[in-house]
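Residue numbering for the sequence shown is 3 to 143, as defined by this note's numbering.
Treat each hint with caution, since some may be false.
[Claimed, not checked] Per label pair, the in silico range of CB-to-CB distance:
no., residue 1, residue 2, range
1, Arg6, Ser92, 28 to 34 Å
2, Arg34, Thr70, 40 to 46 Å
3, Pro113, Val68, 50 to 56 Å
4, Asn66, Glu40, 32 to 38 Å
5, Lys67, Asn9, 48 to 54 Å
6, Phe65, Trp107, 36 to 42 Å
7, Arg74, Pro109, 50 to 56 Å
8, Ile26, Asp71, 28 to 34 Å
9, Trp104, Glu15, 53 to 59 Å
10, Asn36, Gln77, 21 to 27 Å
11, Ser88, Phe21, 18 to 24 Å
Quick caveat, the hints were computed from the structure, so don't treat them as lab data.
Every residue, glycine too, gets a C-beta built ideally from N, C-alpha and C.
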Amino acid sequence: MARRLWNQLLPSEWRQAFFSSNLIDWLTLNLRSNQCMENGLEWSCMFGVAIWRLWFWRNQYQFNKVSTDSLRMAQDVLICAEEITSSNKSGLNGPTRKVEKWIGWQPPVWPWCKLNSDGACKRNGEEFFGTLTGIGLVALQ
3 MARRLWNQLL PSEWRQAFFS SNLIDWLTLN LRSNQCMENG LEWSCMFGVA
53 IWRLWFWRNQ YQFNKVSTDS LRMAQDVLIC AEEITSSNKS GLNGPTRKVE
103 KWIGWQPPVW PWCKLNSDGA CKRNGEEFFG TLTGIGLVAL Q
């Protein structure tokens with residue numbers, strides 16, 4: 003699956019070096035690349051998106067037995083990389099107005115209490131709570 007995707011995305015002259023590097027060099031070289039592809043997208047962006055999406059497709063196959071063909075995967079990578087590139091150029095990452103706002107925890111009114119957990123979810127109308135950590139005593143007035 004992965005090799006077919008890389009063959010769809012990579013220019014043919016890059017393939018030898020791409021498939022023969024050790025892991026650390028491979029990641030470093032591709033994530034730091036400033037090469038621009040014919041479609042105007044930076045290779046480092048496309049590479050990062052492809053890694054992310056390969057993990058997604060791997061899990062889809064592993065857990066749901068859903069497979070995706072390499073042409074569709076390549077199109078998905080290009081669309082995601084285009085969206086990222088577009089948002090980076092649109093000024094969303096430019097200067098923003100900083101607003102400073104003081105906030106603080108307030109104890110609830112008597113007889114209520116607050117209990118914090120490190121996670122919770124609601125599934126099929128039933129609530130499940132994660133483990134409780136850092137439980138301390140709060141003095142109520």
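Numbers of the earlier hints that this structure fails to satisfy, in rising order: Of the numbered hints given earlier, those the structure breaks are 2, 5, 11, listed in rising order.
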